[in-house]
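*Asks:* Line by line, the protein sequences give chains A and B. This note's numbering numbers the first residue of the first sequence as 1372 and each following residue consecutively. This note's numbering numbers the first residue of the second sequence as 142 and each following residue consecutively.
Please keep in mind that the hints were generated in silico from the structure rather than gathered at the bench. Warning: the hint list may mix true and false statements.
[As the list claims (entries may be wrong)] No more than 27 Å apart at the CA atoms, straight line, and that leaves these computed lysine-lysine pairs for BS3-like:
id : chain 1 : residue 1 : chain 2 : residue 2
1  : B       : Lys477    : A       : Lys1552
2  : B       : Lys433    : B       : Lys477
3  : B       : Lys472    : B       : Lys433
4  : B       : Lys558    : B       : Lys477
5  : B       : Lys165    : B       : Lys184
6  : A       : Lys1552   : B       : Lys472
Please read these numbers as outputs of a predicted model, since none were measured by experiment.
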Amino acid sequence: VPRYEAFHLRYDAGQRPVHGGTAALVQHFESFGGGLPMDTAWRAGGPLLTVGLQDNQQVLAWLRGLPIQETNRPNTWEAWGVIGPAGGFESWMTFWDALSSAPDPERLEALAVAFERGDKGPSYPPIPQRLAAVLGDLHSSEAPYRISLRTPSEVALLPWCCLLGPVAPATATVGPPRRMKLNLNVPLAYDVTMTDSSLTEPARLPTASSALLVDVVARAQAGDVDSAVEIVRTLRSLKPAERKKRIFAPAISVPAAPAPAAPVAPRERELVRVQGNEEPRHRERSLFRALRRWTPLMVLAILLLELAHMIPKAQRSEPVVPPTATDTSVTTTDATDTIGTAGSTDTGPTATVEPQLSCNTWWAYPSTQSQVLARVNQKSTVRLSGAAAKLLSGTWDETVARSLSIQMQINDRGCANLPLDGSLGPRTNTALRQSKCATVQRDLAGALQWLCTWSAPQS
Amino acid sequence: MSWRSILHPFSRPCPLCGEKGTYKVRGHVDYDTLVTQLAGQAKWLRNHGLNERGGVPLPPDTPENRRFLAAVQHPPVTGDGDADGRSHTRCNRCATLLPPEFHPNDVTAEVAVTVAGSVGHGKTSWLVAILAPPDRSDYEIVRPSDDLQTNCYEYAEPYTFDILKSGFRSPLFYQLLGTTLVLRGTEFTFIRTVDIKGEMFAGIATQKPNDVIIRHLGSSAGSGWLLVVDQFAGATNPALSSATLNNIASAYESISVQMAREGANRQVRKAIVWTFLDQARWTNEAAQWLQKSTPAIAAQLSQIGETAQQPIASLTPFVDFVDGHQMEVLKSTLEKTADILDAPTLDGLIALLLRLQLLYTLRASNYIGTGGLGTKFDYLMDRGYAFVDDCQAIARQLYARDRRSAMHNYARREDWKVFPCARFDDTSVWADQILIEAVAGAR
């Protein structure tokens, strides 16, 4: 079994070992050292974790291109780190500070000893802002995985991607940032490229990320790295297509609230915690805002219904505000109506609401309002259009509670797997089982939009 | 005799692995495809000094190189590339791209050159200057001339000449380069070159390059050169290991002896390519030494020396000095006397030497022969060769007397030549001496 050995290689009238290392190791590094960036911004270099000189070896190093001013020659480099047994650098991220600091023989030797003992390092690297988005890209793509760095400070993405990316840390390999594509006989699991445009552009905000990975990153940020790793481990066992399906929700047409800049409070994060199919985080947040509004409104609604029972039916059927030209027609028949689309195949009679329901105008019809309130009060069945109707075809209060807590899970076939305890009824359960994840998600979103906007006039 | 030798009796072995068999590839591929294919060739990687578990190193990350790489059209390693009507030859065993000059052919002469040197002495820059068709040949001895053309094989795998011109440290142990010298459109001289990484002689490589050199030089009936590139000792470049250069010289000596013993090639010659002469400065000590040792021409030489660092036009008043055969005085004085020259005197004389080289170039470029305006090549063939020869002899004397020079002991030997050269106005001065020797050898 190869031992851990520290090394420092540097150009000094030739690339040569300065501390530890061998001529063969120098030649091994030539493959990686050529073409490294030498410009000021990127000269700090980055980590390199790759195969060693033999099958059972691995090399962990910090590698940087040396500027011409230092050596009077272009295409020179410096590398320091530890060579050791393959798979023996699983916790290398925790030694980030020691690895990225300027090479010092004593510290490098101490690093080798720490790996030999199987110690963990003192700290993980800082978490870059884009980590969740980059992890989303990695988990939703197939090998070879590419990590694109926009600024030199984003080099800390590499250890986190090794830890939380689609490749197990024990076998992950990663290269230092470079512009020109490296072609290796034993390719790196994570190939790292730089984008120069970032040097002149301000850093962009993270793109919409998988809520699952946002949660993973949030856990890591909170210091709970082990649970983050555990979640990712389950993802790694999936095939790429399934993994992508698992971590990303389909496109949802629900108008989204602007993403809040502030981090999610722990309680809220716990509430939105999901283990499968999810929506983008900002959408979930808007749901919780709706939930907070909903509870007092429900109380108010019950009171109103009590009042409504005391008002004669004839009076309640009079519209307060006439419908506008853009309003959709609403036909009311009786208090046990269901609300559905005109083309719905459901057989529920009487009330019809166009699919593009405008809650404000719809709410303006007291009769409809009273019908819904009555249904809420009486826990009667409400039927919406299409699959959303199926989803919400349970009793009203259960559905609301169920929708707002979003305890959905995705089974291995990518289907929604609600806790089918019979509360939704056999027909709904069957529909959910047969439906694809995307369909259910879309319908759920539509239903939730309806619920959220329904409460808007109240506020 | 191996079975490969029997199969390919008239082939020349690949200098890197000794294999005689070759295969053809056609067309071209882009650079990305090339390095991907090379990375899959374990023997190519190993023979070029790279780890089989790594890949092909890239040139420096500069906008220019990125542009070059994007435009590169390189012979493929396997299969055929996009059609361009050209075919290229690779070694059967290690897949090394062999320039056409590495194959036996019906040519006037063949010259095999091995170049090594310590790190940063200007080896690759010098090679590119002499082998590639010159862009700026203002200060050369024989070019530009319609009489002498150099057609360079544009690939020095895994790079190209365009990329090599940018001057950088190549991590490869060996690079094969080829140039065809065409004299008056009828006489063809193949120059095949192996550029050896300096660190190979400094204990970095696990395998010594002697076998490669012997295969390269010994497989030719033509002449062979063992060249060491060493820079002027007073150059402001970082201090470099003289041990490396001595290792190279020692290896060359043993190779010469071995080859002479085996009778493989009697025309193997050794030379020091003395670079960075532009770093030398004219000194009063040099003027005093000239006054004492060569009083007849001291005044004129001092005047020439005083023009050091000035534009070449400042040498115009002294052009007649070249035809005056007065250089022999200086040469014979240095050869006959055993004066120990101190560093300032040596520096001044070396600065003077570079001015004399430039003076020659100025004279040659204004040559009017019997048939009218002639070329530098015409002048060399007419009266110039003696001056060039004298300059090289003076350079050898100065190099040998300069105890700062890493190989001064070798330069004292008759079988070592010294080719003085430099950069002036960003142009190579007299980097083309090996071409003259190649033409002379061919004739």
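*Asks:* For this structure, which hints from the list above don't hold up?
*Replies:* 1 and 6
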